[in-house]
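Go ahead and model the full structure; you've got the sequences and the hints to work with.
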Amino acid sequence: MSLTPPRPGGPRPNVPVILDGEEVLAFDGETILDLARRLGSPIPTLCYLDGLSVHGGCRLCVVEVNGDNRLPLACATPVSSEMDIRTDTSSLRDHRRRVIELLFAEGNHICASCVSSGACELQDLAAENDVDHIHYALEFPRIDVDATHPKYVLDRERCVLCTRCVRVCDEVEGAHVWDIAQRGSQSTLVAELGKPWGDATSCTWCGKCVLVCPTGALSFKGRSTGEMRHDPDVIAFLARLRDEGEWIDREEPAP
Amino acid sequence: MHDIHTIDPVSRIEGHAKITLHLDDAGSVADARFHVTEFRGFEDFCRGRPVAEMPGLTARTCGICPVSHLIASAKAVDAIHAIVAPPAARAQRQLANLGQIIQSHVLSFFHLSAPDLLLGMDADPATRNVFGLMQAEPELVRRGIRLRQFGQEVIAAVAGERIHGKGIVPGGVAEPFTTDKRDAIRAGLDEALTAGTDTWQLLDGIVDGFRREIGVFGDFPTLYLAHCQPDGTWEHIDGKLRVVDAQGGLVVDQLDPADYRDHLGEAANPDSYLKSPYWKALVPDDDPRPGMYRVGPLARINVADRFGTPIADELLTAFRDRVGRVVSSAFHYHAARVLEVIASIELIGRLLDDPVLYEPQVRAQAGINARRGVGASEAPRGTLFHDYEVDGDGLVTGVNLIIATGQNELAMNRTILEIAREYVDGPQLTDGVLNRVEAGIRAYDPCLSCSTHALGQMPMALELLDPHGQLVSEVHRH
Ligand code: SF4
Ligand code: FES
Numbered sequence: 001m002s003l004t005p006p007r008p009g010g011p012r013p014n015v016p017v018i019l020d021g022e023e024v025l026a027f028d029g030e031t032i033l034d035l036a037r038r039l040g041s042p043i044p045t046l047c048y049l050d051g052l053s054v055h056g057g058c059r060l061c062v063v064e065v066n067g068d069n070r071l072p073l074a075c076a077t078p079v080s081s082e083m084d085i086r087t088d089t090s091s092l093r094d095h096r097r098r099v100i101e102l103l104f105a106e107g108n109h110i111c112a113s114c115v116s117s118g119a120c121e122l123q124d125l126a127a128e129n130d131v132d133h134i135h136y137a138l139e140f141p142r143i144d145v146d147a148t149h150p151k152y153v154l155d156r157e158r159c160v161l162c163t164r165c166v167r168v169c170d171e172v173e174g175a176h177v178w179d180i181a182q183r184g185s186q187s188t189l190v191a192e193l194g195k196p197w198g199d200a201t202s203c204t205w206c207g208k209c210v211l212v213c214p215t216g217a218l219s220f221k222g223r224s225t226g227e228m229r230h231d232p233d234v235i236a237f238l239a240r241l242r243d244e245g246e247w248i249d250r251e252e253p254a255p
Numbered sequence: 001m002h003d004i005h006t007i008d009p010v011s012r013i014e015g016h017a018k019i020t021l022h023l024d025d026a027g028s029v030a031d032a033r034f035h036v037t038e039f040r041g042f043e044d045f046c047r048g049r050p051v052a053e054m055p056g057l058t059a060r061t062c063g064i065c066p067v068s069h070l071i072a073s074a075k076a077v078d079a080i081h082a083i084v085a086p087p088a089a090r091a092q093r094q095l096a097n098l099g100q101i102i103q104s105h106v107l108s109f110f111h112l113s114a115p116d117l118l119l120g121m122d123a124d125p126a127t128r129n130v131f132g133l134m135q136a137e138p139e140l141v142r143r144g145i146r147l148r149q150f151g152q153e154v155i156a157a158v159a160g161e162r163i164h165g166k167g168i169v170p171g172g173v174a175e176p177f178t179t180d181k182r183d184a185i186r187a188g189l190d191e192a193l194t195a196g197t198d199t200w201q202l203l204d205g206i207v208d209g210f211r212r213e214i215g216v217f218g219d220f221p222t223l224y225l226a227h228c229q230p231d232g233t234w235e236h237i238d239g240k241l242r243v244v245d246a247q248g249g250l251v252v253d254q255l256d257p258a259d260y261r262d263h264l265g266e267a268a269n270p271d272s273y274l275k276s277p278y279w280k281a282l283v284p285d286d287d288p289r290p291g292m293y294r295v296g297p298l299a300r301i302n303v304a305d306r307f308g309t310p311i312a313d314e315l316l317t318a319f320r321d322r323v324g325r326v327v328s329s330a331f332h333y334h335a336a337r338v339l340e341v342i343a344s345i346e347l348i349g350r351l352l353d354d355p356v357l358y359e360p361q362v363r364a365q366a367g368i369n370a371r372r373g374v375g376a377s378e379a380p381r382g383t384l385f386h387d388y389e390v391d392g393d394g395l396v397t398g399v400n401l402i403i404a405t406g407q408n409e410l411a412m413n414r415t416i417l418e419i420a421r422e423y424v425d426g427p428q429l430t431d432g433v434l435n436r437v438e439a440g441i442r443a444y445d446p447c448l449s450c451s452t453h454a455l456g457q458m459p460m461a462l463e464l465l466d467p468h469g470q471l472v473s474e475v476h477r478h
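So the sequence lines, in the order shown, correspond to chains Y and D. Our numbering numbers the first residue of the first sequence as 1 and each following residue consecutively. Our numbering numbers the first residue of the second sequence as 1 and each following residue consecutively.
These aren't lab readings, by the way, just hints derived from the structure by calculation. Using N, Cα and C, we set each Cβ at its ideal position, and we do this for glycine too. Some clues are possibly wrong.
Said to hold, decoys possible - Listed below are several chain Y residues computed to face chain D (Cβ distance under 10 angstroms; list not exhaustive): (1) Ser113; (2) Cys114; (3) Val115; (4) Ser117; (5) Arg142; (6) Asp146; (7) Thr148; (8) His149; (9) Val153; (10) Gly198; (11) Ser219; (12) Gly222; (13) Arg223; (14) Ser224; (15) Gly226.
To be verified - Below, a sample of chain D positions facing chain Y; criterion: calculated Cβ distance under 8 angstroms: (16) Gly48; (17) Arg49; (18) Pro50; (19) Ala52; (20) Glu53; (21) Pro55; (22) Gly56; (23) Leu57; (24) Arg60; (25) Val169; (26) Pro170; (27) Gln365; (28) Asp393; (29) Gly394; (30) Leu395.
Structural data, given as structure tokens:
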């Protein structure tokens, strides 16, 4: 049984589980994702972001538990005693590839001309999960770009509906500019219930939504192809400051 | 008659050249058309995009001269931002454009045209390609490859490693230039220059063997259009345009590229995606052909009085002593290309010595300050115009691109026509005709992806049509 270091000042892990064939101890209440990350088993995620509430919408983080074919979400499922968790099986890989392909199929993700190329989580996911072509009919949506904000641009054709922007704006900035309107394939990100972003008076211009967006959907105005750099990790840093109630220098500032 | 009907050029494989020759009632060739199927739907594709994305977007339209599109596009966005890129950025853009001219011209000369020129137009097609040339002249081909690499390294130093570089951005360039890059380029300068001048000697030595081709390959009067400095020095990226006539007479000088619409009309072609630009003042009615003008290396050396660099100028003077101040045979595009390669190498050396290149301020930032912007530059194949219109938020509402191959199209048609009249004999097309037509087109180095076909042979279809448009004969090459 591998030993896991105790959390400083916290309880020791005491929930025995099997992770990819190895017996390990989890903390009580820890999610499968946290456990796997702590022990160095990568599980792909997209909507999950450290420092924000769990959304559980992208379904990339699915794992197999006890051989059951209902696939729980690693980001939203707490471990329980004696779970036998598999994070990397051929059917999981297959499932993840399909999810990624569907994301590509329903938007216009043309890396070659995208501002976020080279710094896009969708692009990375495709590369890491061997998505080299899309087996679904491409939708080629035509949705107008919202460039009404003086500093930022929203291109809904590149939005994967992860709701990171919605959550960060609500939970961290406290402005709640963003929501997802409509349902299913009609779902769309809206500012202030459907206004042009530039008209949204609750927007504080803080730019956190742009920093956390995993794709080129939200970007700084004026960025050219491949020039956009996001910084989603800043949110975990801010959350830590908030929790600890004091200013600490950030260990790894963004490049 | 063949049992094949003419395939609509739209559905025909992209990147293939299709040429139709039209017979008159007497059975002689009356008209020739070169069909281009590129740039399909491109303008529609750009509409609604943030204008800052245009350099990246347009560079993707062309894998052959992306740097030229990056530059013209970035300049158009600069115009919309109403800014001038900082001097160091302009110097870097110049460097990239010179690198692009070198690599593109060298490809055109060594890989595509040299087999025709050195092995002969009637050599066996199986060996009349860059591989055959490699057998016959391995050292020559090796030097060509190295020279092209030199150009690519210069581009990479500014634009980044990948073919579709992204170092050229609205407002300037992405990063300051470094002395490491300078040293790397400098190390290759001497070899490049020697390769350039040796190539000139080589071309000089064989040109007499092509008297007949020189006479037939597009040797007719047209206007020539290119960037040119106010004092007549060759220019490739900044400044204004000059237009001269077939005698070298000044038609217009220091024309602002942004005002191109005042002088250039664009005729839509029913059978080609490319519009044919023409010089308005010479066109009284619907037929654009009297307004034919040419762009590219030949136009640039016809327009400019000098390169402004010692070695290229010496060779240019000697060339002019032999063939005249203004040359009209498209065959001499080859010479113009080699001269431009030499001048570009010299200018690169000069830029590397200029402290301005290393200044740290490389980018100007601005919002949308104008609703329309035109950017122009000299692509290797000729003057390139990018013309964008945007709304108040900077989203593109209109795009017009005028590319070199389009501007040369009327002249290319005429060149093909003259070659066909000289070489077509009877209703049956032969490989010999195909080879000449191909070489005639290749002189213009049109920017079809097929023109960089590795074997040095353009995949193409040549069709002979009777006065009713019925196919009489065709030859294909894949
Ligand atoms: S705009 Fe970006 S952050 Fe917001 S939902 Fe879409 S992909 Fe996620
Ligand atoms: S990361 Fe778990 S559902 Fe998106």
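For each hint, the structure was consulted:
1. Ser113: 4 angstroms, holds
2. Cys114: 8 angstroms, holds
3. Val115: Given a least distance of 7 angstroms, the restraint on Y/Val115 holds.
4. Ser117: 8 angstroms, holds
5. Arg142: 8 angstroms, holds
6. Asp146: 8 angstroms, holds
7. Thr148: 6 angstroms, holds
8. His149: 9 angstroms, holds
9. Val153: 5 angstroms, holds
10. Gly198: For Y/Gly198, the interface hint holds, since the closest Cβ of chain D sits about 8 angstroms away, which is under 10 angstroms.
11. Ser219: 8 angstroms, holds
12. Gly222: 5 angstroms, holds
13. Arg223: Because about 6 angstroms separates Y/Arg223 from the closest Cβ in chain D, which is inside the 10 angstroms limit, the hint holds.
14. Ser224: The hint holds - Y/Ser224 has a Cβ within 10 angstroms of chain D, the shortest such distance being about 4 angstroms.
15. Gly226: With a minimum Cβ separation of about 5 angstroms from chain D (threshold 10 angstroms), the hint on Y/Gly226 holds.
16. Gly48: Hint holds; D/Gly48 Cβ to chain Y Cβ min 6 angstroms, cut 8 angstroms.
17. Arg49: 7 angstroms, holds
18. Pro50: 5 angstroms, holds
19. Ala52: 5 angstroms, holds
20. Glu53: 6 angstroms, holds
21. Pro55: 6 angstroms, holds
22. Gly56: Cβ of D/Gly56 sits 2 angstroms from chain Y, so the hint holds.
23. Leu57: This interface hint holds because 4 angstroms falls under the 8 angstroms limit.
24. Arg60: 5 angstroms, holds
25. Val169: 4 angstroms, holds
26. Pro170: 6 angstroms, holds
27. Gln365: Hint holds; D/Gln365 Cβ to chain Y Cβ min 7 angstroms, cut 8 angstroms.
28. Asp393: 4 angstroms, holds
29. Gly394: Holds: closest Cβ of chain Y sits about 6 angstroms from D/Gly394, inside 8 angstroms.
30. Leu395: Result: holds, 5 angstroms to nearest chain Y Cβ.
When held up to the earlier numbered hints, the structure conflicts with none and fits them all.
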